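Q: The chain contents come next:
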Amino acid sequence: QKEVEQNSGPLSVPEGAIASLNCTYSDRGSQSFFWYRQYSGKSPELIMFIYSNGDKEDGRFTAQLNKASQYVSLLIRDSQPSDSATYLCAVPNAGNMLTFGGGTRLMVKP
Amino acid sequence: DTGVSQDPRHKITKRGQNVTFRCDPISEHNRLYWYRQTLGQGPEFLTYFQNEAQLEKSRLLSDRFSAERPKGSFSTLEIQRTEQGDSAMYLCASTPGVGEQYFGPGTRLTVT
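Sequence lines, in order, name chains A and B. All letters in the first sequence, in the order written, are residues 89 to 198 by the numbering used here. All letters in the second sequence, in the order written, are residues -6 to 105 by the numbering used here.
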């Protein structure tokens, strides 16, 4: 059974700062990783995915993958109050069913 | 809006009643997934379809739960004899194959 772990937070950062969200996973054979953002009362929204070791950048978001250490991170640069949400890390298994972490709640304070 | 729709968005029912939820995936997506999410937790996988075939069911899916995807288009999830523990957000996601999944808005079920 794959496990995905995240610190539940809340992680509080001031507006304009870099928010760093971390996720560890148990299955060394995992190949792909997804980050979803979920606002309170809403459904998860895909914001990033990464397959290869290293960094992947998309606008203010950077996903970082380190397979040797089995962790994946999401960096949000120039954090805005609108970024305040729960961020979910997800890892697919053989049938592409996603195993989610519990999510990290991010609060960006103006 | 991802293009995945779910109906109803909210359902309040009394314990012991049956409920049915519908999911319409993005039209060209042949895989459809159902997840359940309770407050403060990440979504948990329930079942998935490739076209009309139901390929996997989680052990979370008790005998009271049944899902269908006739003709490989929309899907329904039925819960019979609802219990208070069934109260949750039921999420549907679709994907063209392997890779990223796109979620619908969810159906929030409250069992009183």
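Read the hints as simulated data drawn from the structure, not as lab findings. Predicted model, so just to flag it, every value in this text is computed and none were measured. Hints are supplied without guarantee of correctness; some may be wrong.
[Said to hold, decoys possible] Below, in silico cross-link-like pairs of lysine-lysine (DSS-like), each with a Cα-Cα straight-line distance of 25 angstroms or less:
| id | chain 1 | residue 1 | chain 2 | residue 2 |
| --- | --- | --- | --- | --- |
| 1 | A | Lys197 | A | Lys155 |
| 2 | A | Lys90 | A | Lys197 |
| 3 | A | Lys130 | B | Lys64 |
| 4 | A | Lys144 | A | Lys155 |
| 5 | B | Lys50 | B | Lys64 |
| 6 | B | Lys64 | B | Lys7 |
| 7 | A | Lys130 | B | Lys7 |
| 8 | B | Lys50 | A | Lys90 |
| 9 | A | Lys130 | A | Lys197 |
Q: Hint by hint, note whether the structure agrees.
A: Here is how each hint holds up against the structure:
no. : hint                : in the structure
1   : Lys197/A / Lys155/A : violated (32 angstroms)
2   : Lys90/A / Lys197/A  : violated (34 angstroms)
3   : Lys130/A / Lys64/B  : violated (29 angstroms)
4   : Lys144/A / Lys155/A : holds (14 angstroms)
5   : Lys50/B / Lys64/B   : holds (19 angstroms)
6   : Lys64/B / Lys7/B    : violated (31 angstroms)
7   : Lys130/A / Lys7/B   : holds (24 angstroms)
8   : Lys50/B / Lys90/A   : holds (16 angstroms)
9   : Lys130/A / Lys197/A : holds (21 angstroms)
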